Amino acid sequence: DAKTTQPNSMESNEEEPVHLPCNHSTISGTDYIHWYRQLPSQGPEYVIHGLTSNVNNRMASLAIAEDRKSSTLILHRATLRDAAVYYCILRGNTPLVFGKGTRLSVIA
Amino acid sequence: EAGVTQFPSHSVIEKGQTVTLRCDPISGHDNLYWYRRVMGKEIKFLLHFVKESKQDESGMPNNRFLAERTGGTYSTLKVQPAELEDSGVYFCASSQDQGYYEQYFGPGTRLTVT
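Protein chains in written order, with my numbering: chain A, 1 to 108; chain B, 1 to 114.
Okay, chain A solo, but in the shape it has when bound (with noise of 0.2 angstroms):
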C-alpha cells in the first residue's frame, strides 16, 4: 500500500477553518484518497473520499492536487465536536490502511 504522510498534531480556533494536510507522493493511479476521523472513545468514522477532483460533503470538503501527489481536508467552520485524528489513506480495491493521523485540537 501507498505511504501517506500527515503532520501529527493540528491545532484551531473554533468555528475558523482547518486545512489538513496530506502528502501521498508514490499515489497509483488507481488510488483513491479516503479521509477517515476518530473521536475519542469512538470507531473511525468516514468523512470523505476522492479519486482526482475536488469533492465537498455535509462534513468536508477535499481538495486534491493536479498531479495527485497531495491532498488537504477542509473543515470549513471547526467545532469542538470536530476535535479527533484525522487519517489520510490511499485505497485501491483494499483494507483501509491507518497510519498515525493528524490529532486536531480545537479551541474554545
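These are calculated hints, taken from the structure and not from any lab test.
Heads up, a few of these hints could be off.
[Stated by the list, open to error] DSS-like cross-link-like pairs, simulated, lysine-lysine; straight-line CA separation at most 30 angstroms:
no., chain 1, residue 1, chain 2, residue 2
1, B, Lys44, A, Lys69
2, A, Lys3, B, Lys15
3, A, Lys100, B, Lys41
4, A, Lys100, B, Lys54
5, A, Lys69, A, Lys100
6, A, Lys69, B, Lys78
7, B, Lys15, A, Lys100
The structure displayed is predicted, hence computed values, not measured ones.
Could you slot chain B onto chain A? The hints should help.
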C-alpha cells in the same frame, strides 16, 4: 437506520481464557471487516467477509483467532487462548460493497487480558 454494533463494549479476561466478540453490521451490508488497535500501535486490518465467505484474512495474527459469519449476518471473533499481547480495541466495520466504498465502524470492543 441502526449503525454497526459490537458486544461487549469491554471485556477483561485472564491469560489463557477464551473470549468471543460479536459484531452486527448495518442491515444489508454484505461486507464485514475486523480491525484492531493494540496499545500504542496503529489500527490494523484483520479480515474481510463477503457475506459468509472470508475474502481476505491476511491480517489475522495467528491461529488463536477464529472469525465466523454464519448466515452472512452478524460475525464473531473468538480468541482462544487469549494472550497478554491480544489486549487492545477490536473494531468491526461494514460496507455496502467492496472496493472504494466507505466503511462504517462500530464503537469497538476493548479487550484487556491480564
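Going down the list of hints, with the structure as the test:
Between B/Lys44 and A/Lys69 the CA atoms are separated by roughly 24 angstroms; this keeps the pair inside 30 angstroms, and the hint holds. A threshold of 30 angstroms between alpha carbons decides the hint, and for A/Lys3 with B/Lys15 the separation of about 35 angstroms lies outside it, so the pair is violated. Between A/Lys100 and B/Lys41 the CA atoms are separated by roughly 8 angstroms; this keeps the pair inside 30 angstroms, and the hint holds. Between the alpha carbons of A/Lys100 and B/Lys54 the distance comes to roughly 27 angstroms, so the proposed pair stays at or under 30 angstroms and holds.
Distance check on the hinted pair: A/Lys69 and A/Lys100 sit about 19 angstroms apart at the alpha-carbon level, within 30 angstroms; holds. As the CA atoms of A/Lys69 and B/Lys78 are separated by approximately 40 angstroms, the hinted pair breaks the 30 angstroms bound. With a C-alpha separation of about 29 angstroms, the suggested pair B/Lys15 and A/Lys100 falls inside the 30 angstroms cut-off, and the hint holds.
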